[in-house]
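K.L.:
Sequence:
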Amino acid sequence: MNQDFQDIDAIEVQVHSVKECNTQCITPTTQCNAQDYTVDQLTELLGVKRRQVFNLAKTVKEAYSWEPENAFNPSLGKYSERCLAEMRRLQTCKSSAEYIALVASENQKPIIPTSKVSSALALPTR
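Once you know that position 114 of the sequence shown is 114 in my numbering, the rest is easy, because the numbers rise by one and skip nothing.
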C-alpha cells in the first residue's frame, strides 16, 4: 500500500483580515489613507452644524441604498472618507432629490422615492 505522492505547483494564498480588505484602495497606484471622521471633525471640514452632518449622512446612505451601511459608517459615531467625499458632492447639488437622481443615473439604479405618500383615504367634501 505504498503510494507515490506527486509534487504539484499550488498557488499560495495570503491570509489577511476583513478590515484590511475593506481599506484597500481601488487603484493600486495611490496610497491608502483609510480614515474615519467623527461628527465634530465633519462639522469643521464641511462648515456646517452637527445636525446638518446627520442629515447629509442620511441622504448619502439613502442615495446609495444598495450598498451596505458600513461603507459610509464603519463604526458607531464614525464616518468614512468616502462618506465625506459624498457629503461634499451633495453640498454642491441644489437639492437632495437632485443628488439622489445623479447617483442613481451614474450607477444605473432606479430612483427610490423618498417622499412618503399618505395611505389615508380622502374623504369627499360636501
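No wet-lab data here; the hints were simulated from the structure. Since the structure is predicted, the reported quantities are computational estimates derived from the model, not experimental observations. It is possible that part of the hints are untrue.
Unchecked claim - Taking lysine-lysine and the DSBU-like style, the derived pairs with C-alpha atoms no more than 30 Å apart in a straight line are:
1) Lys-61 <-> Lys-78
2) Lys-94 <-> Lys-109
3) Lys-61 <-> Lys-49
4) Lys-94 <-> Lys-58
5) Lys-49 <-> Lys-78
6) Lys-61 <-> Lys-94
7) Lys-58 <-> Lys-78
8) Lys-49 <-> Lys-94
9) Lys-78 <-> Lys-109
10) Lys-78 <-> Lys-94
11) Lys-109 <-> Lys-58
12) Lys-61 <-> Lys-109
Unchecked claim - Quick list of the computed label-pair ranges, beta carbon to beta carbon:
13) Gln-108 <-> Thr-43: 25 to 35 Å
14) Leu-76 <-> Ser-105: 28 to 38 Å
15) Gln-108 <-> Glu-69: 19 to 29 Å
16) Lys-49 <-> Cys-93: 17 to 27 Å
Don't be surprised by glycine CBs; every beta carbon is placed ideally from N, CA and C.
K.L.:
Starting from the hint list further up, note which numbers the structure goes against and sort them upward.
P.N.:
Nothing - there is no hint that the structure violates, so all of them hold.
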